[in-house]
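Fit chain X to the given chain C structure using the hints.
Going down the list, the sequences are from chains C and X.
Quick note on my numbering: the first sequence kicks off at 1 and runs consecutively.
Quick note on my numbering: the second sequence kicks off at 1 and runs consecutively.
Worth double-checking, as some hints may not be accurate.
Below, a list of computed lysine-lysine pairs in the BS3-like style, where the Cα atoms sit at most 27 Å apart [unchecked claim]:
#1 X:Lys105 / C:Lys63
#2 C:Lys63 / X:Lys115
#3 X:Lys442 / X:Lys212
#4 C:Lys84 / X:Lys118
#5 X:Lys187 / C:Lys99
Keep in mind that the hints were calculated from the coordinates and are not lab data.
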Amino acid sequence: MEKRIRTVRNVGLLAVLSLVFLANTAFTAPPGNAYEKAKQDAMGVCPPFYLLDESGRIINPVKGTNADVPYSPEKTCGRCHDYKKITQGYHFQQGAGEKMSPGYAETYPWCTGPGQYGGRW
Amino acid sequence: MCGGCHPGGGPVEYDRDGNRYDTFAADPKNGILPGGPNGLDGEYFKAKWAESGVLEADCLICHLEGYDNPKRKAQIMALNYRWAATVGGGFGDVEGAVIKGQAPKVTYRLSRFRKDGKVLLPLVRETPNENCLFCHRESDWKKRGQSYSERSDVHVRAGIRCVDCHVAARTAEDPRIRGREVHQFGKGDDPGDFVRDDLDNTMRRCEDCHLKGILNAPVIRHKGLPPVHLRKIACQTCHIPWRQVKAALVQDASVFNTSPRIWPPTKRLWSFYGPDMKPWNYYGEAHSYPEGLQPLFRFRPTLGWYKGKIYPLNRVYTRWVGIRTKGRKGINQPLMKDIFMMWKKHAADPDGNFPRLKEIRDDNRDGFPEVNRPEEIRALLASVALKLKQGGASLDGKQAVFVDGDRYTTDGVTWSSMEKAPYEYSPYGSVFKYSHDIGPAKNGLGAKGCADCHGAGSDFFFKKIMVRLFGDDGRPVMETNAAFLGFTRRAIGFMAFQNGTLKSLAAWAILIVFALLLLHYILFGPKRVPEDPSEPTVPRFSRLERVLHYTLLLLSGTEAVTGLSTFWSLPVSSDALGRIQAFHHVCGFIFVANLIVASCIWARDAVMGGQDLEWLKKLGGYFGERSDLPAGRFNAGQKIYLWVLFLMGFFMGITGITALFTGDENVLAAVHCLHVIGALVFILMVLAHVYLGLLANPGTLRGMFEGKVTSAWARKHHPLWKPKGGAGDA
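Bound conformation, chain C alone (with noise of 0.2 Å):
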């Protein structure tokens, strides 16, 4: 009897303990990198936010601290966006270490790139 007793209140604690696991991974946001982004859809709009100088640095003119340097758009955005990924777009590269093609780079010997860098008139 008493191992019955027993039997079933381990196997109580354990779906008790299961269900516990269950809610915490249903109710835990994502980890790490999607949580942010999740986040950052759910402001919908960039939230307040301190300029950052090229090292990183806060630069907070109100109290004076850093104020003597400009502000760094890599370092302030790329906070929260991927700046690496947003600067492969091609206004951003401009045809930079895109390939010729044969013909192209036969015609225009002066062009290292497709880019609008002097190739055609």
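Positioned in the frame of chain C, the structure of chain X alone reads:
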């Protein structure tokens, strides 16, 4: 300079090897000398990266409405790259300029910061138009002739934003550019641009909005427009019938431009001619007119083929001095600074420095000098060669050549041509498709009917476009747009005839034939044969013949109705017309197959004989002759009808199939017109045939329905016919 439009990041932040310019230049072990030649490496030549910093990608250029781009540009011109974003974003002001050897100092504006030192900016996810136009307004004017203004573009007027069509990130549908924070904007397919061609046509197309109604766009049906137009002609072609501002047709780098308000001075190396082939001081206008207020200039764009469709294009014609190396295909360019210095020195002392440049004159009296005579070309080439040699360059195995469009010369007399794409003036001249500044639909080509394009002398085909800026007489060499499109004069004539004369002629012909048949019926009435119920019948047509006959009649009617629907532009959607046309094609094939069988069956009976002459002399008795005329199974009229039917049927089949499968637009124009003419003859014949069988000769229809006619009818109409198995045999 580049940074004036470049948003930062990429090649204005990192060199080809992935090093950030400023940190790389600041590292003594890399041996970069500020402002030094640095091994003539273009990325470090005379640069002061350590002092100027780099241009990081400035997110606010696109995402902050009210961004101060002119101030950013000023910082860039001062080589204060590191400070440009701070000033452009309106966070502070900067004193000092790297270009003057000063250390810039920033003073932040406290009004832009909250009490806690943070900033809260009205940032927008989708870029406002004005921010796009920081860069695209001027750069897209010179050669693309884009205005992007409410006065010239229905979409701008309707409040459509650039990013509504040039979608990006999560707004995009194309998987090539769709994705969180992916900053590849949907792009079109410009023949003049080669950057990321793999992303061509990722933007929203006209059809996306105007067929699906996206953005509440009016859904366009193109009622009555034969679908071939939508297959062969781009939307822009009809909906940009006129351009509103100039675009450079010619870029001439063979003279020195002394017109006012051109800066920086090196831009004097370039002179432009507008669409009217007259000199155009583009830079002067760009520097004089407030942004967005380009002077109006109305002209028809050149229409040309690009990837199987006709587009409105600006093809840039170029004239310049190049350096040709023996055995190499491409023609190189001398350094701009050498050519610039040549002209500057000549201007300072015309007799002492490069005196031969004095030979270049304004021969055509348009107020601008031009290099077109052989002597002028030789003078320019000799001066350039002299300048290069003075600079220590070797011209061994090389020669200076004058490039004029798609040809080059060393002496102004003998020209060699260069390979180019059919839509180009030259392999070195850009070609741009006009896609903006769309006019209202009611102004589009075709809104007033086919004659907008197919009428005699229409601008679509007959407007003159430039072949060369200077012919032997110093005047432009011109051709018609039709010639550039590859249409022959005859093909244009066929199209004009078909869409003009033939359209009204067909209607009148059908009406007149109807009237004549009615008149005939009134004047002469039917040729009745007294019906006697006891009269035996004879078999006239077999079951196969009857089925064949009615199939042909049905198909003829179907072909006529469907064909005339497209020919007369039935006011239904172009899509519906396309389906009607497809049905017409299918029925056409069946018709030809039936016709082949019919010709095998009836050809023997349709052979002309001696008795047919008398029948013909008396016009078949249809005009009052009451005596019986000699005729076998078929009378002479029916025989002629059959032969014409066979011939015209096959003619229609051949022209129809050719029109369907030919890829040659000239052949298409010709066979299509012939097909319509054939169809008209065919329709008139069938009308007369139906009248004769139905009304003029009562009893005939019975032969076709029941397969039998009375002996009396047979004796009356076909006295020489000996029907098999009939009463006659008996």
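Hints and how they fare:
For the hint pairing Lys105 of chain X with Lys63 of chain C, the CA-to-CA distance comes to about 18 Å; that is within 27 Å, so the pair holds. With a C-alpha separation of about 9 Å, the suggested pair Lys63 of chain C and Lys115 of chain X falls inside the 27 Å cut-off, and the hint holds. About 21 Å separates the Cα atoms of Lys442 of chain X and Lys212 of chain X, which keeps this hinted pair within 27 Å; it holds. About 24 Å separates the Cα atoms of Lys84 of chain C and Lys118 of chain X, which keeps this hinted pair within 27 Å; it holds.
Pair hint Lys187 of chain X plus Lys99 of chain C holds up; C-alpha atoms about 19 Å apart against a cutoff of 27 Å.
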